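Sequence order for the protein chains is H and X.
For the first sequence, this note's numbering begins at 2 and goes up steadily by one.
For the second sequence, this note's numbering begins at 100 and goes up steadily by one.
FYI, nobody ran anything at the bench for these hints, they're computed from the structure.
For clarity, every value in this text was computed on a predicted model and none was experimentally measured.
All C-beta atoms, glycine included, are put in the ideal place defined by N, C-alpha and C.
There's no promise every hint is true.
[Said to hold, decoys possible] Distance ranges between label pairs, derived from CB positions:
| hint | chain 1 | residue 1 | chain 2 | residue 2 | range |
| --- | --- | --- | --- | --- | --- |
| 1 | X | 135 | H | 91 | 14 to 20 angstroms |
| 2 | H | 15 | X | 232 | 49 to 55 angstroms |
| 3 | H | 45 | X | 291 | 26 to 32 angstroms |
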Amino acid sequence: MLATAVPPDSGRLALLGTEIQTSGERQKVRERLGYLPQRTGLYGNFSVAAFLDYMALLKKIVDREQRRSEVETVLNFVGLDADRNRRIKALSGGMRQRVGLAVALLGDPQFLVLDEPTVALDPEQRLRFRELIANLGERRTVLLSTHQTEDVAHISTHVLAMNHGRIIFDGSPSDLVDLARGRVWQSQSRTDQTLASWRTGAGYYRNVGTPPPGADTVEPTLDDGYILLLDQRPRVGNPV
Amino acid sequence: MTVANARDTRSHPRESPAARSAILRIARIEAIRLLRHPVMIGGFLTLALAWLLPTWFGDQAAAYPSMHEVNQSVQLASAFILGGAALIVSHLAVTRATRHGAEALVATLALTRAQRIAAHLLALVPLVPLTGIIVAARVMTIGADPHAVGSVAPHEMAVGPFAVLLLGAVGVLLGSATALTVTGPVTVALLFFATFGSVLFAPANGLRIQALLPVTYDEVFLLPIPSALVDRRDDWHLLYLIAGTALIALAALLASGYRPLWSKVTAFLTAVAVGVVAWIQVKPPDQTVIEARATATSTPASQQVCERRSEITYCAWPEFKPWFDSWDRIARGALTRVPPDVAAQPLAVRQRVNAANPLGLGSGTISKAPVDSWSRDDELAGTPNAVIAETTWGRPEDEFGLASRLAYAVVSGNPPPANIAAVCGAQSLVTLWIAVGASESAKAGLEELRSRGGGGVFMTTAGFGTGVAFTHASFVLLRAMSELPENSTREKVFASWKKLTEPSTTLHQAAEILGIATARIPPVGDSRCQEKE
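So that you can see chain X by itself, here it is in the shape it has in the complex (with noise of 0.2 angstroms):
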């Protein structure tokens, strides 16, 4: 006798009070054993580990977030986890008694399939609250941090537990179709490598068809962008997660065999609202939005607020603005080791970011920096060859890369370069001086540079082609210089000064000035600076 799909669909009993008190019942021991699962404990410990671990090693890129990209990340990290979790633990549940071969015994109990079903759905709901508490917490306590950007509006944070919500309503469909142990993380495998998939695979500034799957994301781009340029879609999103799961749900009781009219119908006007928000969702950026990129990307001064700190001005996104001490502190640090009269001269420093380049098909991922406009800008703002701040910040190679840049500018008197600029001869060996010496987090920054890149070390900037490259002899020279006494060198770069940043002028004759043996001076090792050499 088989009974594993009996199902009649003759006629639906109304459900008694007793029933409904049952399924309540169920549905509590289920969501306890849902969050007692093994699988189910294993994914809070991966997401706490996965935020507190960079916590604890020191990641000082979390001291400077900007919330929108915290809040993406966070969404991202807790749906997966907590949803795969959800999905796998759900799908184990409701086909618990097909597994354990217990259906012959549990179809001839009291409560139907259907109301089975029901109680496993309903057991999935504590996840949302939970879920949302986890997720309100990380972004809060990110967001309490004094240098935070940006803004989340509550309905942002509530995408992540309805997504997880989703994902386990999913568990229990499946569980409607098969019994095999293997379902659920197989079927979390697929949406892992969909999701991260569609990355790769969805067009530029064309249709979202990420925002199709349960787990989604904004546009990606290589540095974060302002908040005003992200086409934030999670009011839309949140409703066809909502919509999405009352889909799956209405599928999951028709499937155990629950058909009266009512639900046949929901079911479609379902669908008709889940098709319409989710082609709300895929449309590609606005216009606007695509154009308040392009002037982003090259002409920001307009959409920029400006603060004059004595000789240097800061200039970026409103939002950034809470940044400009940092970066006060490390141009202050930097000018130090120039001489007085240089580092009176006005200075400027400008935040960039690549907004034109979402990375996806028909993208580049690093384009040319657009270095003509961006001169013009700086001009008519009253900010000429304004140094480039990134909109990531807390790192010590953010702390090098701006010291660097800023270096560059006093020494080279040069703007930003509109691809790598090699630094050659004396003028890359003081501009290394005088970054080092913005702060000990921009030293460590540069030995973390190195120790990615080999002998030499170049950057790309704020998502561009753009930066500046420094060989490998004139770090071992750095190295030299830093063990003579501060003081004295300081006397003799100041008092150098016009030798040392001419473009002529070699690393052996800067050796020389510093009083280093120029025994100890490699080879350059970049093509671009041999013949200077």
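Next up, chain H with everything else stripped away, as it sits in the complex (with noise of 0.2 angstroms):
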């Protein structure tokens, strides 16, 4: 719905600063936005530069030379300068993802919607394409939905926790992290009345919940502080 995909099926949506009930204010909103949908179809018998090319028309970036500026300027932010000759049949699943996100930022969009973006993607690529992500959150709004919490933890600047469609969380990671600060802890064996604990590669069970009288306490992280956040129980921090 944030991608325009979709109309709203009840309610108001406004997107920088429009309201988008119709197919007309939607299509405003189009052009002032990047999406990568999180299983990225690409024309696998075009070439890079061609698909961007379509792409960019299909943006309505109609001036020959603007068009050929803005491909060239995102296949350099993404990498794929040396490539853009290549069918896309060819490339590798992370290089192909590049291409989707160079789909997303034809025309400089203020507003980048990146769906699961990491996913299937190696370390190597995960790490640089979390490079390119917090490169434009430096000049743009990055909505970034995803399940991988080490993203969000590395990238982002604030975040928004939804549990069946309603915001459950509104602040920054730090904030997420300290949802769990004092409320997990380590013990040599399962205990009771946790929310989650799992046995660790080191033997030891990590907890997350209430801790017992003298638990020894360890450094939360955004995973800790999620799994808190699905918890039915009053919260601490500033979830919404």
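Relying on the hints, combine the two individually framed chains into one complex.
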């Protein structure tokens, strides 16, 4: 809905200061919006440059010089300038993901929606992608939809957590981590009455919940905060 | 989140100049991709091969074309091959985003689905001039032949190109319904069967239901009929194609979610126009056309022009007059093997065709020749017992056909038979010898007919059941006869002409007269000739 792919079925939605109830309003916003879907379908028979040129036209970038410049810019940004003439079907998964990001970046959008951009990427590609996204966030709003809390920790300045379509947290990543501060501890055996408890590689149990007296509390992570958020009991921090 | 079918009909923003410009540029890209697609290139190559191969292999019929027939076949081939390719490729292009899982991405870009559909429809437009150039080049090249008969109007040449456009638009519309890759090929296959099936299942002289299909044709006859007798409706079919394309394009836009009032009203009015033009097209032929065809079949003299060349009079429908030279060449060639006093007798060659019997339900494919009507018509026209010339010409078997009918008339003195007449005994041998003497091509024509017909040869003529049949034994003797010196054989034939052309003279007697060993005569093999032998 935020990517304007489907109209809202109820309620009101505003993006970039514009109400987007009608198709005309959505069309207007799309010209300032970049979207990277979770599963980026690309046209395998197109070369990278031809595909970006085609997508630029679909973004109404009609001036030839401007289009060429836009394509150059995004190719450079995602590091695919050397692969511009390769067929998309010949690219690796990570490179394809970068092509998808390049499409989202065409037209220098003010608002970027990236849906699970690092899924299925190997660690090296993921690191590279995180850097790209972090750079993007310096000049525009980037909405990163992800279950990868590590990505959030490394990239985001602001976190919105949603559960069943409702925002349940609105704050910084450190605020989310702070939610779990003093509520994560280690034990030699599984403890009852925890929200979550799992055995670590070091042979002890990591527990999230309300620690028993004298528990050996440890530094929390975003994962811990997220687990606590999903708990229905009253929260600390600044949940919405 | 599913976005592939997300449509919104609540408001329709006016096209901005940027959107129009983007649509045109995407149309240009899609047009180039369409023309470079392997299926389309395969279509062009197939068409080129279909047209060039017969020429390369020396199809002499191509040298004597009937232009309205040529136009029909050119339109059919171009519309089917290029139109079929356009349908398949345009369907693939319009469903590209769905097939590649990119609909979620494309749906959030600035250009709407309807605008993208419009671009795909516009991408088909270059196919019209391109196909038009190909069709016109083909028709004009064939028409440049000095022996070409008939004519083709420019709008008749436009039918094929617009059929290609319509089929391409069908591909775009189908893309709204399904993205399955097989959709295009299956649709083309169904159209193919429907088009050619309608030849058999459309009622003869009745409603022309085949005209409802995008790729269509005039009524089909066993042999080409004169252009004046063709119920040509290409102008209406062209209108039908244009209105049909507009309707399909509007349907594709409506299906994409673009539904302003004007598009609905225009679609309705276009549908009405398509219906009206369809009705005009499918009406049975006018009574005047049917009557003219009946006249052409039974008493054609009143429709024909004649030209006397010394003792031979040639008559044909006016457009076929350029063929007189070729007929005369064959007739003169055959008459060199006839005694001069016999060859000096008046002779007539008249073109005939079965124009009353189009293929279709309720029609016999071959009907009995109306020889009595012909006889009366010939008497009145001063061309008694006219030898039949057909409305096709150019192949070796055409030359042998005319030469053998002429030889039959000279040798037997009979008019064309109502059915297949078996030529027996010495008459059979002399008739064949005269016929193959007409030209080298006529000789080759006999060999071709024999290779297809096994032992004997019989031919139907002009789309009727009339014709002559020869026995295997006469072919064997003809071969032996051809091994003898030409001059001495000619002298023997001329000297014994009366005896050799008597119906009672057997093959054995002919062999003795000509000095051929009778041991070489095989059994006759035709019950109609057994008693005489």
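Quick rundown of the hints versus the structure:
1. Residue 135/X and residue 91/H have their C-beta atoms about 19 angstroms apart, which keeps the hinted 14 to 20 angstroms range intact.
2. Against the hinted window of 49 to 55 angstroms, the Cβ-Cβ separation of residue 15/H and residue 232/X comes to about 54 angstroms, which satisfies the hint.
3. The given range of 26 to 32 angstroms is respected by residue 45/H and residue 291/X, whose C-beta atoms sit roughly 30 angstroms from each other.
Of the numbered hints listed earlier, not one is contradicted by the structure.
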